[in-house]
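The listed protein sequences correspond, in order, to chains B and E.
Everything in the first sequence is counted per the numbering used here, starting at 1 for the first residue and increasing by one.
Everything in the second sequence is counted per the numbering used here, starting at 1001 for the first residue and increasing by one.
Honestly, the hints are just simulated from the structure, not real lab data.
Wrong hints could be hidden among the right ones.
[Stated by the list, open to error] If you anchor each label on the Cβ, the simulated ranges turn out as follows: (1) 58(B) - 1099(E): 26 to 36 Å; (2) 26(B) - 1014(E): 26 to 36 Å; (3) 1106(E) - 57(B): 30 to 40 Å; (4) 280(B) - 1022(E): 27 to 37 Å; (5) 215(B) - 1118(E): 23 to 33 Å; (6) 1233(E) - 32(B): 50 to 60 Å.
Note that the Cβ used here is the ideal one computed from N, Cα and C, for glycine as well.
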Amino acid sequence: MDVSVQVGTGSAGGLSFARSGLVRRLAQLPWGLVLFIVAIALIGTGMLHSVTHDNAAEADLPLKHLARFAVAFAVMIVLALVPLRYWMRLALPVYVMTVLLLVAVEFFGEMRGGAQRWLAIGPVNVQPSEFMKLALVLVLARYYHTALPKAGGRYLLHVPALALMLLPAALIFKQPDFGTTLALLASGGAIIFVAGLPWRVIALTGLIGATSVPVVYNYVLAEYQRERVDTFVEQIAGQSTDALGDGYQIEQAKIAVGSGGLRGKGYLKGTQSQLDYIPEQHTDFILTVVAEELGFFGASGLLLLWATIIGWGLYIAWRCQQLFGRLAAAGAVAMLGFYVVFNVGMVLGLLPVVGVPMPLVSYGGTAMLTVMAGFGVVLAADIHRKAPSSAHGWF
Amino acid sequence: MAKRPEEKQAVDHGRRLAIAAGAGGLVWTGLIGRFAQLQLAKGRDYQDLAEENRVRLDLAPPERGEIIDRFGKPLASHRQAGRVTLVREQVGDVRATLRQIAKLIDLPPARQERIAREAVRQAPFVETLVARELTYEDFARMKLHAVELPGVAVEMGRTRSYPSGRDFAHMLGYVAKASQRDLVRLISAVVRDRLDPQQRQWLDAQGFDGSLHPAVIERRLPEDSEIRTSWRETRQRLNRLYQHPDMRIGRSGIERVCDSWLTGTPGSRRVVTNAAGRIINELDSSDLSPQSGRDVVISVDSRLQKAAIERFGKESGAAVVLDAETGDILALVSTPAFDPNSFVNGISQADYDELRGNDRSPLYHKAFDGIYPPGSTFKMVVATAALEAGVIDPDERVYCPGHYRFGNRTWHCWKRGGHGAMNMHEAIKQSCDTYFYEVSKRTGVEKIAEVSHRFGFGDSWALGMTGGAEGVVPDDAWKRQALGEPWYEGETLNYGIGQGYLTATPLQLALMTARIATEGRFVEPNLLVVGPAIEGEPHPAPQFEREILQRMKEAMFAVTSEWGGTARRAGELGVAGARMAGKTGTAQVRRISAEERASGVIANEDLERRLRDHALFVGYAPAEDPKYAVSVIVEHGGSGSRAAAPVARDIMAEALRLDSRRAPYVQRMAGRSAGAAPAKGAP
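Generate the whole structure from the sequences, applying the supplied hints.
This is how it looks when you write it as structure tokens:
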């Protein structure tokens, strides 16, 4: 009890945060976890090299990837050092603003690749749906932090949380961006679960969800989304009719993965990878290179690495004494887990191709920044785990 | 010691986190399990697949053999036509490229959209057809601009063509782009050939058909088995081959039965390619030149065929002309017909529906598949049976009052007033029904059936084309099996005049005529002069008493040549004084009720077309030294003497004028392929 008071006075001291606090906090970072994160990014860089090295136009992608990681890493560290009370203050305004941006996208957004996701603000193009992933985690954690102690275990407590989650999810689904919608539902759902959504409600939701599948399929999904689901179902049912047609990508991915065997064909020696059989191999399907060239050892090794990181994240959430930090960390970890599971599931032909990258390994700037910011939240929740829950009001 | 609410909550959250971690652990285990399944359990399979991916068969399609008539006139050949294809991987933006092409040739936006969608569905390295059958101007223009359109190929393609159009439609059949059904059929045939009898039996028992994709069938075959390996290899080769825009497969007729003979062997080599289809190196430098398919020569004289079809005019029906001694089919007419050319590149649904809906059944091969009651043309068979059985003396007279009573029912002769006293010669000549009611009753169903079989009824021949109906030669056993009832003696009476359950094809009628004309020679129909050996059950040579058949010939001569014969005007052919002998037949297609009989049978002309009688005629010529046998059926034509006999006479006159059997067959036994394989693809 007295420890928390001590830290509380320290951080409440405002300016004292500046110098000696910085070094101390850096030292408090769970450097083991950070090391794992760096390791995964390096693996990604190596795999990108394998995919791109024989193509002059793409040969600089690994370096770009590394550079982006460096920037994102810095962002992560900075965010980690931000005390939780600042996070809490920012949560609601950021959320509201992002929702407004999403609405703006709906009206003024730019179409790219058939989806309306980008918004031009001056010279910068932003993708508000990407911000929303983090904003949602923060706002839900913030909401429960204040509401839970007051409301205890009442059911109605969760209604506003659900609304906070479903509003942006619906907006993003309309863009349409199925992958991000699912990511929001996963991380938001995780927070609501950890916050204590009663089992009865969970069971009921599951039931309604299962029965509404045909309705969603027929009336909510767009034509191209339906096609993806169809392709997927055919794959699962073993009735994929045309290995040269719709199922081509998944079929090729499975061949790449399976042909890797136990030890893989060797770095830079995967025939599927080196002969460009798999579309989008430097982004969403990068795992196929790992599996083909490094084999079962490589692929399951990468998965274990992720398991360690995610487990560590959950541990951080568990030992965080502050509800906000705990829930935010849990949400961020859930988002991460969602990315990994969906990416792997997709590549292995277990889940539909919804366009979810493998975090830190797939090439792509926005997603990397989001993920690293998420890590920033987790790390912050760890460094400041003993901070007292100062805010009981809304700001 | 009161707990703060926050602490109480904290315990709860911790449990929830642990549950979440547990769920995550399960998912992770599942994912690693899936890796193990793909990489460890099935790793070998996928390694094979990866290898096949990389190593591709580069195939050059062979030139399909021609089908020619006995004098070498091509009936199925091919013509060259310009074609445009694109490879998605190489063009980049498919839609933009199509818009570019649309500036050069006619390519409406709807078609562009369809092509673009097809291109996206296919593997990126497969060529997608953009346009075919280009006019010369379009071809030249495209060729000129092709350099500006990378990934777009403008080349000459071969298209199967049937220069005689409809004339040989049913016999030749047609080719089409290979469907899933075709591929399954082809793969099965190749794989079957490689198996031992036991495995073959197993495969047949699986009953795989075209409703399953070949790749799906492959997965159902036992893993690591010889069958599966063979299937996969064959499937990949054929799949690739039939993707070529020039490749077609025989869908029906001779094109289908002689498909492998006509197809030839594709040229092939194994190359390593990347996904874009670029060849990175060659694994074995075997020759890419394909082996052309062989020609098929058929016994038909296209001039006679054409003349016979023209003679039919707008009537629907069938005609068969046989070489009476050898059984060579000289003409096999089924009219109306369809244009096989319209099937080669896929017929439109509207056109196909129109063909199918046409009440004169243009898609139906009437001469080979059509079964009709033979009517009075069958009377020679009944008479032969009676004489063999010794139940009547040919000179014995049976009185015809115009009807025949048996039990408590009355059978009618076509001539209401009756023919008076009839012996066998007169009864055939005047086609008296009463006489044959009596004779068939005496002979009995079993004897008639037995003799029918000897004349070729109830039988079919593998002639090298699809189809071939057997018709029905009814007897007691047949009826019990088909209808679950015993034979009634009254039905034997209908049998006597070629009605009732009895049905026959025009080919069988011509064959019967040939066997009578040659006085019992073992004549069998024959179509392929040069072609693959066709598996079929051998038919035993029938034995006949010569005197009986001579008696039949005399009666048939009387039909066309004596006063009172039913086809007296059909005898004179006007070619070198030759005469035709024959027999008319009128097959009733409706039942005439007792009331209608009482009030007078409605004349054919007053009936709806589909209720009118079929008109038949069978004949041979020259009467004294038979060379050709003919059968004609005019569907719903009315009476045989008025509608069918004149057609038969004109066809026979043309047959004698052309006298095709005198000239030798064309000398193209080995086909063009032996020496003149195109040097395409050779370095």
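Going through the hints against the structure:
no. : hint                         : result
1   : 58(B) - 1099(E): 26 to 36 Å  : 28 Å, holds
2   : 26(B) - 1014(E): 26 to 36 Å  : 28 Å, holds
3   : 1106(E) - 57(B): 30 to 40 Å  : 37 Å, holds
4   : 280(B) - 1022(E): 27 to 37 Å : 33 Å, holds
5   : 215(B) - 1118(E): 23 to 33 Å : 32 Å, holds
6   : 1233(E) - 32(B): 50 to 60 Å  : 53 Å, holds
In summary, this structure violates none of the numbered hints.
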